[in-house]
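One line per chain: the protein sequences are A and B, in this order. For what it's worth, my numbering labels the leading residue of the first sequence as 47, then goes sequentially. For what it's worth, my numbering labels the leading residue of the second sequence as 137, then goes sequentially.
I should point out that these hints are in silico values taken from the structure, not numbers from a laboratory. Just to be clear, a hint being listed does not mean it is correct.
To be verified - 25 Å max Cα-Cα, derived DSS-like pairs, lysine-lysine: (1) Lys140/B with Lys348/A; (2) Lys337/A with Lys377/B; (3) Lys149/B with Lys218/B; (4) Lys218/B with Lys348/A; (5) Lys348/A with Lys483/B; (6) Lys372/B with Lys337/A; (7) Lys348/A with Lys485/B; (8) Lys379/B with Lys339/A; (9) Lys348/A with Lys372/B; (10) Lys218/B with Lys379/B; (11) Lys377/B with Lys339/A; (12) Lys339/A with Lys218/B; (13) Lys379/B with Lys337/A; (14) Lys372/B with Lys339/A; (15) Lys337/A with Lys348/A; (16) Lys348/A with Lys149/B; (17) Lys348/A with Lys379/B.
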Amino acid sequence: MDIDLITNVFYAMVRTGTPLLIVALGELVCEKSGVLNLGQEGMMLMGAVIGFIVTLTTGSLALGFIMSIVAGIVMSMMFAGIALGLNANQVATGLALTIFGTGLSAFIGAAYVGVPITGLEPINIPVLSEIPIIGKMLFGQDLIVYLSFVLFGLVYWFFKSSRLGLVVKAVGENPHAANVIGLPVMRTRYLAVAFGGAMAGLAGGYLSLAYTPLWAENMSAGRGWIALALVVFATWRAERVILGAYLFGLASILNLVAQGLGYPVSPNLLAMMPYAATVLVLVMISSNVMKSKMYTPMWLGKPFHPHS
Amino acid sequence: MFLKLQPRGEASKRMSYLSPLLAGILTLVTGGIFFIFLGHDPFHALGVFLISPVSDLYGFAELCVKAAPIMLCAVGLALAFKAQVWNIGAEGQLLMGGLLASAVALQLIEAEGFWVLPVVLLSGALGGALWGLLAAWLRNRFNANEILTTIMFNYIALYLLLYFVHGALKDPDGYGFPESAVFSDSATLPILLEDTRLHIGILFAMFAVVASWVFISRSFVGFQIQVLGLDSNAAKLSGFKHKRLVLLVMLISGALAGIAGAGEVTGPIGQLIPSISPGYGYAAIIVAFLGRLHPVGIFFASLLMALIYMGGELAQIELNMPLAVTSLFQGMLLFYLLACDVLINFKIKLNKSQVAGAEQNTVGNA
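If we strip away everything but chain B, and leave its shape as in the complex, we get (with noise of 0.2 Å):
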């Protein structure tokens, strides 16, 4: 090993916020010989990828419909990773939140009135957090490990949409296809931007974006989760209750994910059917990093999310190429990011000592 790496006295603030767009643009040299690799023409290939989806209108409505419940999952997931907790399951508080979204909703599939759907999008909230805090309280009173357990609740989530969509909450007029009956236009998102399926969603977002941001700088509670991620020996040292602070944490992550969900069911979906999120709580956790956990950072990284998401889907329409290109971008950009971020405690020197060392060794033997 000729490079070594020397730690910085401080973390470089300045390579923080330059590693996730040095990480995006490895990203794109290595997506453009990916593309090359696959007889592309790679310029053609991006064009098609990153700027086609976002060229008219309709396309920027899609890409905000998109960015949205990434957004909220990811604002979420953020707190949590700063307070140390490794909420992986926002997947899981999404779909639950969807499910009892739905449930509520098909329950108050005759009635009408404004009031039907903030009752609706709260029980998405509640399923969420409640999903959430099973793993949150297992962590507290077990000591169960909160990644293995929020991965399990995602499996364990998706199996139980699944169970419902093919039983209880299934249509009756349905025809037996496993999904349930349309909602009623009360507890449907109403549209932002006529002939587009841009609804009030992209609201809910930003707002999570900003309370989040008043949240961790301007609360006591915000402080305290900023000082246990900076040091969490001085979090312990000065008496923070931490097990009320991961319940905090769960809490509002997972009621930002249940609403995601709920926002999907009773927005662009409009019903309960058995896949209603292509991955974006998982989607979410790269955001959160992309973003630096910070609220801003996590809006413009939840954009770009939200871009690759549908470049994957026009790739696959005029490139002919499998959907999971979408997931491929998503985990290189995940990589080039922490190997980027490297930059932000070492730098990266010549290792002269050693190559002098190899030679005195060399020497030694001989």
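Next comes chain A alone, as it looks inside the complex (with noise of 0.2 Å):
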């Protein structure tokens, strides 16, 4: 193995980590506040199809991203409306987003399959990203993969030191007593419902502004359900969905890894690698039963309703 391999391999580790990490922060954060949103995976295809429609006919990345992010946002609260406004089974009600947003963005996105735009381009930080093996996939990426570097850092801190923090862990944990206290329980988990659409549209945008570029049905090929079982493996802890969002970034680029080494192994077994490796993650970390008991948020995926 050449140097020049390992530093792609790096490099293409982080950049296709970076989706799957801002989908889990972002579901990280829903998930502490109590509500378990299985809808990741529809409303990152809308942020996907929304933000291109708009990048294409403004020629603006940053609007693009920017909508992206609002067609999460819109996304979750439809199903904040359903699951928490009425008091909906959470898992069905995350299902149904999944499925409406597919449908929605193959539907709206049909007339812009495979039109090419220009991308997100990457910016090289001078000097550190000439460091060999990990400058590149550190100093040489885009915008947005910076940015989820921050974004990691805050959740990071919002839930190690904030007050705020600890309110959302609060009305996770117990949503009763947290109402008892004085804490807005609704008003907290809305509002933690609502980052995680952000993230996941911004996710869904990174896909096809910077990952790709392009509009394809279905994009997003499964990445809102494996950052749900990256939450799971991270037991819930900010540090570890970094860890696994990358691990599942090398798992999915393996391709490139057994290309680049000459190894002819059929591509659809290696399509296979990610979505095999969350089962195997799952099984070893949900097998501790104890463990996993104590790191789940108590009231995660219950309904609350404030006045029974």
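Now that you have both chains on their own, put them together as the hints suggest.
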């Protein structure tokens, strides 16, 4: 293995892990508040298609990303309205969001399939990006990757040392107790869901505006689901979310590695890797029942009605 | 919030039946508005979507062809959901059923006789059942969340199918196309109605509906599943072997989805191709909820879902709409259903106390 290949593998690992990292950070905050939103996939796809169309028509990448985020938030509020406002089953509502988002994005994006745009370009930070192996990975990426580093830091700090982070955790652990001591349970949950939506939208935008960059039906290819598994894998801790995201990034680019090394492996078998890795990781983490119970937010997925 | 949810003393039976109807009406209205927005006459568009597909015998036969796999999957899913097992993997189980059935059908391509078809269909059931059991085992043995594992298995099944259809099962005389050889007549489902594609798969589906009804309402295991669905604590206390139940429902739902897959490759398709299902396994999730997890409800909901599939195809041809209009309607229907389901457990009231409270607050602040 030559050094260029290693450098590129590390670079692609972070690049591929970035959308997973962004969605998973959003879902982490959402789940910490006790809400399980299985609609990540649908929100991502909507973010991807809206961002793409906006950028294509206005020519502005910034506006595209902003509208991706808005699309994610709007979708997440549909979930919140039904799952929180109307107390519906969160699992079913999240599934509905994914099915709806998949359909709606395919519908409005049908005319844009295969249309090329100029995506977000990497920004090489002088000198630092020249460092062998890790230089390109950390300092030769595009703006959204850098933003994802910042987002990770923020979420880490949020739960480690902010008061608001404590409120979110309290609401997720025991909404009744939180309600009694006067914490705004519902408002916190709506905001946490909205943050999750914003992140999923941004991650979708990253796919269609930077990673690929084009729009294709169902282009998130299960990343929203993998991100959900990542949060479990990370036992609801941000520092492990980032680790997991990059590990999955690595699993997804194994075909690149195999090609680089000259191994002829079926592309279909390699495409299976991230999903197989997800199952494997879930099995490894969940088998310690005590430990996984300890870290799971106590009220995760259970409805809460302030007056009942 | 001036509207308030007031819990009902007990769940309203009437509302649980009315809610799907209400959701259907809301979907129609939203769909109509949506069509106006796209510049179509809403009544004409809805007519194309929901009435034209079944305006002749051929259309009706096609409706049954599409309803059969959905019904098979949904009957199994309903059983799993009742037992609080979130099997989202009908799609993957269907694909594995189709894959294994195809592999066996291709092995038996020279064979003749009445036994060929049952063997092929049973292999399909086996493929789906094993795929479902794998998730059940991971849940029982390793506590792995079945929602996530079954979703992942859907993707893995798809790539497995693609791997084989591009490889070992590809027709050597097929000019390199990723398709298997066409199955022999002995391994093809008989046609029920001449000049249509209506095959006996719909009979399997209807049998599954009846059998699961009997199973749920008459057998002891069915009773256990019902109790588990109503009150999981009571079920735990009365010593039901929960793990065995998880295995059982995943076995049944996997096998039914597997038969659905086998029915597709041996029925309307007649060979293994890269895409054997337009998301029937996902549509079945909606059908299971829409049919209130009840076999009879599922029967009608499957027909509706099949109609939406056909409507989408027709809207693509006649109204020049993207095919995704199908999944759009499906998603909308499920969303409205979940929203309407709030009426089962809650009454919606005008929140007088809060209005008054808000006024008081303003006074207090002033």
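Legend entry - Hint check against the structure, violated hint numbers in rising order: When the structure is compared with the hints, none of them turns out to be violated.
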